[in-house]
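On the provided structure of chain H, position chain P as indicated by the hints.
So the chains spell out like this:
There are 2 protein chains.
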Amino acid sequence: MSKRKGTKITFQIDKEKNFPEWYDEILERAEIIDKRYPVKGMPVLMPYGYQIFENIMKKLEELWNKTGHKKVLFPTLIPYTLFKREADHIKGFEEQVFWVTKAGGKDLKELLILRPTSEVPIYYMFSLWIRSHKDLPLKIYQTCTVFRYETKATKPLIRVREIPWNEAHTAHATREDAERQIKEAWKCYDELFIDWLCIYGLKLVRPEWDKFPGAEYSVTLDILMPDGRILQAVGNHFLGQKFSRVFDISFETKDGGRDYVYQTCYGISTRTVAAVLAVHGDNNGLILPCTIAPIQVVIVPILYKEREEDVLRKCRNVEKLLKEKGIRVLLDDRDETPGNKFYFWEMKGVPVRIEIGPRDVDNGTVTICKRYNREKIQVKDEDLMEALERVFEDIMNYLREKSKEKLEKSIVNVKALDELKEAIENGLIARAPFCSIEMDGYECAQYVKENIGGEVRGIKFQSSETPKESDKCIVCGRKAKYIVYIAKSY
Amino acid sequence: MSKRKGTKITFQIDKEKNFPEWYDEILERAEIIDKRYPVKGMPVLMPYGYQIFENIMKKLEELWNKTGHKKVLFPTLIPYTLFKREADHIKGFEEQVFWVTKAGGKDLKELLILRPTSEVPIYYMFSLWIRSHKDLPLKIYQTCTVFRYETKATKPLIRVREIPWNEAHTAHATREDAERQIKEAWKCYDELFIDWLCIYGLKLVRPEWDKFPGAEYSVTLDILMPDGRILQAVGNHFLGQKFSRVFDISFETKDGGRDYVYQTCYGISTRTVAAVLAVHGDNNGLILPCTIAPIQVVIVPILYKEREEDVLRKCRNVEKLLKEKGIRVLLDDRDETPGNKFYFWEMKGVPVRIEIGPRDVDNGTVTICKRYNREKIQVKDEDLMEALERVFEDIMNYLREKSKEKLEKSIVNVKALDELKEAIENGLIARAPFCSIEMDGYECAQYVKENIGGEVRGIKFQSSETPKESDKCIVCGRKAKYIVYIAKSY
Numbered sequence: 016m017s018k019r020k021g022t023k024i025t026f027q028i029d030k031e032k033n034f035p036e037w038y039d040e041i042l043e044r045a046e047i048i049d050k051r052y053p054v055k056g057m058p059v060l061m062p063y064g065y066q067i068f069e070n071i072m073k074k075l076e077e078l079w080n081k082t083g084h085k086k087v088l089f090p091t092l093i094p095y096t097l098f099k100r101e102a103d104h105i106k107g108f109e110e111q112v113f114w115v116t117k118a119g120g121k122d123l124k125e126l127l128i129l130r131p132t133s134e135v136p137i138y139y140m141f142s143l144w145i146r147s148h149k150d151l152p153l154k155i156y157q158t159c160t161v162f163r164y165e166t167k168a169t170k171p172l173i174r175v176r177e178i179p180w181n182e183a184h185t186a187h188a189t190r191e192d193a194e195r196q197i198k199e200a201w202k203c204y205d206e207l208f209i210d211w212l213c214i215y216g217l218k219l220v221r222p223e224w225d226k227f228p229g230a231e232y233s234v235t236l237d238i239l240m241p242d243g244r245i246l247q248a249v250g251n252h253f254l255g256q257k258f259s260r261v262f263d264i265s266f267e268t269k270d271g272g273r274d275y276v277y278q279t280c281y282g283i284s285t286r287t288v289a290a291v292l293a294v295h296g297d298n299n300g301l302i303l304p305c306t307i308a309p310i311q312v313v314i315v316p317i318l319y320k321e322r323e324e325d326v327l328r329k330c331r332n333v334e335k336l337l338k339e340k341g342i343r344v345l346l347d348d349r350d351e352t353p354g355n356k357f358y359f360w361e362m363k364g365v366p367v368r369i370e371i372g373p374r375d376v377d378n379g380t381v382t383i384c385k386r387y388n389r390e391k392i393q394v395k396d397e398d399l400m401e402a403l404e405r406v407f408e409d410i411m412n413y414l415r416e417k418s419k420e421k422l423e424k425s426i427v428n429v430k431a432l433d434e435l436k437e438a439i440e441n442g443l444i445a446r447a448p449f450c451s452i453e454m455d456g457y458e459c460a461q462y463v464k465e466n467i468g469g470e471v472r473g474i475k476f477q478s479s480e481t482p483k484e485s486d487k488c489i490v491c492g493r494k495a496k497y498i499v500y501i502a503k504s505y
Numbered sequence: 016m017s018k019r020k021g022t023k024i025t026f027q028i029d030k031e032k033n034f035p036e037w038y039d040e041i042l043e044r045a046e047i048i049d050k051r052y053p054v055k056g057m058p059v060l061m062p063y064g065y066q067i068f069e070n071i072m073k074k075l076e077e078l079w080n081k082t083g084h085k086k087v088l089f090p091t092l093i094p095y096t097l098f099k100r101e102a103d104h105i106k107g108f109e110e111q112v113f114w115v116t117k118a119g120g121k122d123l124k125e126l127l128i129l130r131p132t133s134e135v136p137i138y139y140m141f142s143l144w145i146r147s148h149k150d151l152p153l154k155i156y157q158t159c160t161v162f163r164y165e166t167k168a169t170k171p172l173i174r175v176r177e178i179p180w181n182e183a184h185t186a187h188a189t190r191e192d193a194e195r196q197i198k199e200a201w202k203c204y205d206e207l208f209i210d211w212l213c214i215y216g217l218k219l220v221r222p223e224w225d226k227f228p229g230a231e232y233s234v235t236l237d238i239l240m241p242d243g244r245i246l247q248a249v250g251n252h253f254l255g256q257k258f259s260r261v262f263d264i265s266f267e268t269k270d271g272g273r274d275y276v277y278q279t280c281y282g283i284s285t286r287t288v289a290a291v292l293a294v295h296g297d298n299n300g301l302i303l304p305c306t307i308a309p310i311q312v313v314i315v316p317i318l319y320k321e322r323e324e325d326v327l328r329k330c331r332n333v334e335k336l337l338k339e340k341g342i343r344v345l346l347d348d349r350d351e352t353p354g355n356k357f358y359f360w361e362m363k364g365v366p367v368r369i370e371i372g373p374r375d376v377d378n379g380t381v382t383i384c385k386r387y388n389r390e391k392i393q394v395k396d397e398d399l400m401e402a403l404e405r406v407f408e409d410i411m412n413y414l415r416e417k418s419k420e421k422l423e424k425s426i427v428n429v430k431a432l433d434e435l436k437e438a439i440e441n442g443l444i445a446r447a448p449f450c451s452i453e454m455d456g457y458e459c460a461q462y463v464k465e466n467i468g469g470e471v472r473g474i475k476f477q478s479s480e481t482p483k484e485s486d487k488c489i490v491c492g493r494k495a496k497y498i499v500y501i502a503k504s505y
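Going down the list, the protein sequences come from chains H and P. Everything in the first sequence is counted per the numbering used here, starting at 16 for the first residue and increasing by one. Everything in the second sequence is counted per the numbering used here, starting at 16 for the first residue and increasing by one.
You can trust all of the hints, since none of them are fake.
Where chains are identical, the list cannot tell them apart; a pair therefore holds if satisfied intra-copy or between any two copies.
No more than 25 Å apart at the CA atoms, straight line, and that leaves these computed lysine-lysine pairs for DSS-like:
hint, residue 1, residue 2
1, 74, 85
2, 85, 73
3, 106, 121
4, 170, 121
5, 329, 81
6, 436, 496
7, 99, 50
8, 464, 487
9, 257, 106
Keep in mind that the hints were calculated from the coordinates and are not lab data. If you're wondering where the values come from, they're calculated on a predicted model, not measured in any experiment.
Chain H extracted, bound-state conformation (with noise of 0.2 Å):
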């Protein structure tokens, strides 16, 4: 497809400082997604943003597999009387909905209501499904997409209309084993999220007012970007039986009594693929973890008169050897010269290129070069593979250790409001003691986020940070029962 910027080469903009222009700049260079299609906040993804896409989805599915999770496919619509049927569900999401009224040149006498997520139609089926402890637990999944008529500025991958995700659903036969579930699923996305992406995020558990609508408590993964802003990348629910009750998924228990099962829900969308180009991003385009990267090496040949056909023969070779390897490569023979091509596969942020030239062939040996450093390694031929192998680790080692610095470099302890709206205005997460993060601290985190701007998203989970005897909450001044992470968010 036509380059949509021809004649610029170089890719060159400072990430931290200008990460709206950055991030909007490098969707477009490295063809992630297309936002021209028209219709605002549904842009296309295109090949090399859907291969992104594609392999982290590919990665948790094979997680999922792995866990008894199995994969189903639900339909988009919703008869609306279903919808309804949960109160603090569709208090959550009836200003979002997008309305199916007519079809046919009719209109439609049931509306239906595009899903804006699955709880409702899947809780349905799972009435039908469950009818013994026999049948539980099940787990189930699907990858779609869902829609909700966003009413905040669009933003590609982050906010945008209809959102291609995966979701999972639970259903388990007491309490204790579905929060045993919620911590399955933390195993998987750690393995996806760091080991897999290479990204640290912090898992929280959301103040009541702003958990997922019908659960009894929210768990998030926060992901911290350049902006300083943070990106809820995980949404991991334990709905308890607020639903089973409604939809009276009931089950005969073992000692032949009846209950109700205990339900969780959990998803990521593209906002995953969001986070991976921004986090590991630099001033000179994308750096890709070599787990997803459609293309983890590219091979660019330096040609000479005389000892091109050498150069490419042995080019060719590589790209063989590597292919007969499992590794997604690709070999560019493109008439342009070696700079061009160099600066064309970092933006696409390619975590390896090989080089190779007359000498190389002289002399058997390949040039190594790692996309985030630049650094040039000289190995022999028949070293090829082994220094591969270790080029990958060294990456994928450089990314994570990289992101968890940032991390932790970017919490800081606040005890004052002042200190809070300096770190915010820095960009950073601030570590407070605070009231409550049941409804009674509503309203310190409502006097938070109109006045500084940033947003109280919760306290750590599963962890024992407790405020001190002494810490009173930054807002309010009384006793401080949390210590919560407050800062801006998407």
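Frame of chain H; chain P shown alone:
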């Protein structure tokens, strides 16, 4: 999930005599879909059914990737103003459209529709992406769902209102290259249908009055179902320059001129799943090709007192071995009689069963049983993998042969209307001389439809089948220009 038919253990319906009943029952019993979802024509794809669908799609996507198609994801919603640009296209689909008229509590200014197919939005973007002959050919595909408000009776997987499918769209610099693409697509679909799914069908050029709305011509793959009706399983359409002129998809040619691109599009849907189930199944249930069976081998322990541990240990060893070899295997160690397990997995269509009893433990053997003919062979442990490979091949060959033979036997030559009537009544495909498949043959085709109940499906693609000098159209008696295929259809 709870079995919906609890007590009934065997499945026994005469597929050829009672196909509609067989089809409805097996979809439910084998847990392919659940049609109790409360929107008409939109069933839930259950785990077992979804896996079959996904296994088919994986193979197809592999074929597209190999032939240079790129995967993308387009939005589900299309602005109506964009949709109505191509006159034939809108005429063909307008009556089937779902309308989104409201969102976020307000009426939308710009009406949106749920895509009934994606030519229009994709070609709008093509006009932005394609600038030069260097951008051509452009070949993309997506796996998604489309929506059609069917007014005919809905039928799970066959005629539904939300259709999970895979559609590909291509653009070319010349008519010849686009025609080549139609053939390349057929090569891929042949590999999918014949090699992978063991299904033979008829590749037909559809009559002018029945082609895809907006196409120059359409070629379809027609599959004969057990009730003698034809199911269109593939649509492969040559669009010529019809859309490119409307959407201004033009490019700079090699010699510096400008031209409009030539286009093709093609797709398959969950109908492919319906075809696989219906063509191969028998009176005891499903028979799945090894390539796409969610479970390829089921191991059933034959337990006798005091030898239970021995037998189970051996079962687990065999399970482990097969897993390591990449075979999708399940050890059924439920507390059920072997007989019930046999019936159950036969109904589910698992191609191979391995039985292991105490004698097998003593003799170092296992018993392999083929689903399609229940033939049992005993093999030595050390020969298991080799024997299994042969059995897989035998199954695939058998299914392929049977499908081919059935199709060939179902085609009969007819020369007069009473012969046609008899053929159609007997659930056969009639091969008849016909006046025309251009618009001047429409009246004769209508006559056939109204008086005989058969449909003129078209002429064989890329074939030299021509009428004899003396052949007359079976309806009007004019000189026959074509040999057409006539059958009842879905």
